[in-house]
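Residue numbers (the numbering used here), protein chains in the order written: chain A, -3 to 284; chain B, 5 to 331.
Keep in mind that the hints were calculated from the coordinates and are not lab data.
You may find that some hints are simply not true.
Unchecked claim - Covered by chain A, per the in silico footprint, the following chain B stretches (three or more residues, Cβ under 8 Å):
{"no.": "1", "region": "38 to 49"}
{"no.": "2", "region": "236 to 248"}
{"no.": "3", "region": "304 to 318"}
By construction, the Cβ of each residue, glycine as well, lies at the ideal position given by its N, Cα and C atoms.
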Amino acid sequence: MPNKCPFCRRKYSRSGAYEKHLRNAHANLDIILASTIKYASSPTTTDNKGSNILPDERHLRLDSDYESDPDPTGHAYGAFDDISHESDTEILNETASPLPSKRMLYEEAGPSIGAVKGFEQEQSYLCQHPWFRFSSALHFKLASWFIEGKVPKSRINEYFSNGLGNASSAGYSSMHTVENLLQALDPHSAYLQWNEGHVDDGKRTLPFFYRNVLDCVRYLLRQIAYRDDFVYAPRREYDTNGQRIYAEMHTADWWWDLQVQPHNPFLSKQSLTETRRHFRKVRPLFRS
Amino acid sequence: MSDQTHLTNFPRDKKAWPVYITLGDLPSGRRNNPTSMAVLLLALLPIAPKLSKSSKADQHQSQINADTLRDVFELIFAPEQDPAHDGVPIDCADGKVRRCFPILASWIADHGENVALHGIKSNVCPRCEVPAVELGTNMKVYPNRDYAIYHHYDYENWIGETDHAEITPESLGIRLGQNIYYGLIRVSPSDLHKPDMLHTVYLGLFKHMMNWIQGFLKKHGRLEAFDEVRKALPDYPGFLVPKKGYREVTQWQGKAMRNLGRCVLGVLAVALRQPGRAQLIPFKRTLRCVRVLVDFNMMAQYRSHTAETITYIEDYLDTFHKMKDIL
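Next comes chain A alone, as it looks inside the complex (with noise of 0.2 Å):
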């Protein structure tokens, strides 16, 4: 459930973002200030990422008191995207980790081993032609409106049936002929094929279904939209005390660690077969 702020008409459903407004949109009254400065200047890990953030936005946003105030920075407030998908997570910091002020990288941890083939030309297809399916940007809106609307399809053909698009310049007519561009959209959704399995337990068949584990990790990896996300190489982050900053999975130990024997003796895969195949064997010793 939204609540209002209570200095304007915005409106907020987590305490995250109304913080965030609070301290960038109405820094000059005096009580948020007080909070503000307590906020940056609170101890341990937090001090490094609030002094970084607080100043310059507030400065940015420090006379935009009110809705119909284009926003200074570009960014939008998050208010509308707030609302309309509660998270979870309890503190979503949407600025980044805190900056280290020293960072140790692995050296020659994941090196590239080639270029991928006709990625070059791909990128350079998609930059000539970025609405290629759909035959311009206003057909692509229109089939994300329909899709991000949750319109039922139905209502979808009624749309073109009933002539309110013109469904020749679109390239698609119907629900179904829509579905099948989206699906053509993604280029790796070959990687997403489902299998299905049955196991017999003695007395009744169930089927199961799963998806091959290696291409769903190619899958994921080859997604452009994670593209500067992506990191390939643990690192060590340490503070301006020296101190490790232990963050995301790939500032942690287990990594470096798994990093730096390539070859762990325990278990090395002749000896776990045999390992496997001899248990095979023994287990049903402790059925009875």
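For this one, chain A is given, so just place chain B on it according to the hints.
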């Protein structure tokens, strides 16, 4: 991660058991954002019908089911085993090919599911060898479970040449050969279990604490005051005003518990105001106990930690365990 769930859209006792997969290479903010769709459905597992524990035939059947589950996971993980050992070239999003080692790093599930997947008894820890009687004491750190050694000991016990006759699967609370992760390349089964806010803190520690608090308040006749103060709280974005008293809610969800965690200290402080002479010390200790757990909860949510914050967390937890006898 996996989560067995009831399908409410289907009649009767239909259940689904989905298994999801995502990548650790993505930063958590991106990975956990529902709109970035970084979590894929990996499998829909078969669900064996419910069995009673009493009859021998059913016990045998549950053994077979556990073995079947192991085989199903073996099939699912099979394509990933060789690449985890030797690496495999994979096309990456930036147009480069890299040699990748897809390794299972963690598994998020509730305890009931961990029991099934790790092949352990329901009253033991999937991670370390803590005995069932010492659960909830936080006194001693026990070594992580090492299934390879258990198998080795068991083999020695079986052939009779052993120094470890007292270490049996029963004494450890495990069912040997039923851990679905044992044998996966570069995976240590006990490391896969990761504590999470929902199951460990909100539905674990907080729930226990609330039950104790209820008993404590009842003893001191402050139960009504507690519920009244809770209902009288003003609303705030991200905080829902509770409409029911604590005991009237039958099923506590993570969200409701989180709500409660935000206000419990203040509410308790008000409910315990003006203590009598004899109540002064217990009330103070109770507030301190609740405070350290709330502090622990807050610190645990930090997105990044240093050695310093980790000592804080440990201190809070230690203090909580020392103080909890008051409740």
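Outcome of the hint check:
By the rule of at least three residues with a Cβ nearer than 8 Å to a Cβ of chain A, the coverage given for the region 38 to 49 of chain B holds, with 10 such residues. With 6 residues bearing a CB less than 8 Å from a CB of chain A, the region 236 to 248 of chain B meets the requirement of three and the coverage assertion stands. Counting residues of the region 304 to 318 of chain B whose beta-carbon sits less than 8 Å from any beta-carbon of chain A gives 11, enough to reach three: the coverage restraint holds.
When each numbered hint is compared with the structure, no violation occurs for any of them.
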